[in-house]
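Residue numbers (this note's numbering), protein chains in the order written: chain A, 1 to 334; chain B, 335 to 660; chain C, 661 to 944.
None of these hints come from the bench; they were simulated from the model.
Hints may be right or wrong, so weigh each one.
Simulated pairs of lysine to any residue, SDA-like, Cα-Cα distance not exceeding 20 Å [as the list claims (entries may be wrong)]: (1) B:K530 - A:Q276; (2) A:K180 - A:L141; (3) A:K12 - A:R68; (4) A:K117 - A:K154; (5) A:K210 - B:S600; (6) B:K337 - B:P505; (7) B:K601 - A:M206; (8) A:K57 - A:R68; (9) C:K845 - B:F432; (10) A:K272 - B:R531; (11) C:K841 - B:Q450; (12) C:K845 - B:R439; (13) A:K272 - B:R587; (14) A:K260 - B:N527.
Computed from a prediction, not measured in an experiment: that's the story for all the values here.
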Amino acid sequence: MNETILRTEGLKTFYILDVFGTQKIVKAVNDVNLNIRTNEVYGIAGESGCGKTTLLKALAAAIEPPLRLVDGYIFYYVDGEAIDVATLSPEAKRKLRLDYIAYVPQGSMSALNPVIKLKETYQDFISSHVSGKSKEETIQLAEQHIAELGLPPKILDSYPHQLSGGMRQRVTIALAALLKPSIIIADEPTTALDVVVQRGVVQLLMDIQKKLKNTIILVTHDMGVQANIADRVGIMYAGKIVEESTTEKIYGDPQHPYTKFLIDSLPQFGDKSTRQSVPGSPPSLIDLPSGCAFHPRCPHATGICTEQTPDLITLNADHKVACWLVGGEHGKTA
Amino acid sequence: MEKLLEVKNLTKVFTMGSILSRVRLTATDDVSFYIKPGEIFTLAGESGCGKTTTARIILGFEEQTSGTIIHEGKDRAETKGKKVWQEEGIQAIFQDPFGTFNPLRVVDRYFFETVQNFKLAATQREAIDVIDETLRLVGLSYEEFAGKYPSEFSGGQLQRVSIARALLTKPNLLIADEPVSMVDASLRMSIVNLFKRLKEEGNLGVLYITHDLATAYYVSERIAIMFRGNIVEIGPVEKVLMEPKHPYSQLLRESIPEADPTKRWSKRIVLAETEEEEYMRVGCKFAGRCPHVMDICKEQAPKDTDVDGVLVKCYLYNGTSATPRK
Amino acid sequence: MRILKDLFRDYRFFVSFSVLVIIVVMALLSYFSPYDPTLWNVVPRDTKPSAEHWLGTDSNGQDIFWQATFAVRNSLIISLIASLISRVIAIIVGMVAGYLGGTADRVLMFIGDSLLVIPIFLIMVMLAMMVRQFMNLVVLGLLLSFFGWAWDARLIRSIILSLRERDFTKTAILSGTGTVKLVLKEYIPFATPLIFSTLINNIAWAIGLEMTLAILGLVNLNIPTLGTMLNWALFYQSILLARWWWILTPVGLSLCLFVALYWLSVSISEYLDPRTRIQRVGAQ
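Let's have the full structure, built from the sequences with the hints guiding it.
Encoded structure:
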């Protein structure tokens, strides 16, 4: 088993909003325990509004008001030592960013500076993190990096608008991987992209992972992409991880009712039999249901489900579930 | 009636640029297909392939450069000047449910306006009944819908509301432009199952425009694959998606990530660098990326060949004597 | 009146609203004035502020306080006429140009742009000299409105241009809504903050322009307005003769008016901004 590279313990980060006089608390990340390892692709899957983007922000140490760390810890394992992220100074965080952990946010293909050529973007980037390199050296470094990843080096001479959406996304990912970070976090990198382009982007991510042997945390609601690239998957629902296991087990033997619904609802080629989507609607993170957040939509909900929230327990090696109806210490309820 | 909608040789050319440098972009090039009454027909392809332009022309928002549109046996050119959606009973829904409705207006206003403009009810009370009836078709009710702004619905719900609005006028053809791409994967089935049910119960024809081939396989009977303005393959969905013949269809089919870890992608692919370059290409537009490209592909665009009930535009199938270059 | 309650949270709105209320009250007080503002020598001249004459008297023999009430009233009337009429013109022109496009757009924008480019001041001076005899509040208001619509018409047009491409325009069309109704119902809510803030800015602009014309003596000096009061005060050398109570009255009042109008326009347009409005709408 690989070592841990990032760990969270009881993480709770809420948005505390003041909307014209009324205070609203959005429980975006509500008691999350993660143990991410080196040299793996960890996928986080869930519907929109389940808190995945907030979780990524927290993992990238980008917690800023109105988002607040309400409880719990995030530990980075740098050079074998566990560092509590909350104790880091802004300067230390800046150093860690892109050196240890790189964050590719959603829609980042639109975040490239539109008025300068790509090579300048790369130059700015390199010179702000690596000192003592001349201009030629930084350009060379950038070209080498792009070529290694199989992208045509001449794109560095283009402006962002001259490239297609897929190419921009790949350039942004390549930029994130430039300093060989131990963790790359990607938020919905393939949404809004065409199928074939999506494949190219995923291919690039896999190439980077194989080359650097680092960790990639990939958030997407597209279960097909998760199946193709992830080693382990965590299913997120209403701010909590409700099931976590290897990709094979999640797709082949899902335990949590939500995961089962999710996997069953995915259309498969060669099978035109009727499928059902997950019933009901995702809950509001401001007004969570009591007990298990899934109980209003769950056909097997029983008394205890409405009263108490189940913990994430270990079923067997590498398979964790948070459900009152699934084995372990909870036992089966009648 | 055999054909609900027939599109024949539809071509739309956009001219862009200034007086000094005119660029002509052929958004749709000699596109022909038909939809049977009560059939779900998919027009599939990646962005920039011309499917949205085709939809806009069918809806009457855009005029074609050449070609004919025949709805319920009547050629549209003969009924020129009338508003398509009003006269012909065609309605549409769009990709972003939150963009479909004005965020500053209450959603039911659109419903009441439709009822008024199409004279579907005489009194307010009747109007509410008509609206409620239509909402129940999509699994919602008037009480839970009235007085709400678009932001108060979830994406999936709002998309169903959008479908309900389209159904108010009892159209026989619904044009659905990427209806599920902005809806979460877990909720897509509810929208797509709705199309199935409406087709079975109400004999509604649907032109399903998408790049999500998995849902297209699940819900439609026939499919046309578009690439840079041409339909490259068209036929029954079982044949086109399970045994694709055109190299682009094959690439598309292989690139779909299947929700099954045992079926991961194995081959590597190369992406096109720019799209305009492919649009401007003479001959077959896919020649730049095609693994089976031959000399003739770069000179002349291929014509339709019928292969086992599927029409394909590819020289691999029309028995040319040239040997494919590997 | 939840809206007012929400607005009062912004201190700028609170202060400016109060100041404007006071000014409007002053304007209304003019109906109770014991003195006729057009007459001369109704009271002893050039006396300092006292219990009888709160702001003193001027060299024309008028009570400054009551004169000021008329001045405020007339200035407000002129500027309201000017800005309301120019709003209406701007909205119509902006909507027509934005939605219809093509030739209508080009013609209307050409006219508007010409009005923006022509040195307005010279034209104003010329026109003012020509209509001097007929000059009254309404005529002056109309004159000012003629120049006030061009900029805002262009702004409204650009809002319409962008909204035209949105999906909900298509939804409205598919619902059978005609063009005029569509533009009014769908687009105006997005243009409201612009219209409001430009209305208020326009009021301030009109007051300022009136004052400028008055100081140059190009209006009917017998009608008391903030500008004409200033003109008379300068004419009689009130600064030189240290008759501060006279010169400071129109200056002070117009300063308060300008600042209040500015704060009002800023706080209202922030409140009406579609982006924050959408948030509020969902939060309720």
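The hints, checked one at a time:
no.	hint	verdict
1	B:K530 - A:Q276	holds, 12 Å
2	A:K180 - A:L141	holds, 13 Å
3	A:K12 - A:R68	holds, 9 Å
4	A:K117 - A:K154	holds, 11 Å
5	A:K210 - B:S600	holds, 15 Å
6	B:K337 - B:P505	holds, 15 Å
7	B:K601 - A:M206	holds, 13 Å
8	A:K57 - A:R68	holds, 11 Å
9	C:K845 - B:F432	holds, 18 Å
10	A:K272 - B:R531	holds, 14 Å
11	C:K841 - B:Q450	holds, 13 Å
12	C:K845 - B:R439	holds, 9 Å
13	A:K272 - B:R587	holds, 16 Å
14	A:K260 - B:N527	holds, 19 Å
Going through the hint list in order, the structure satisfies each hint without exception.
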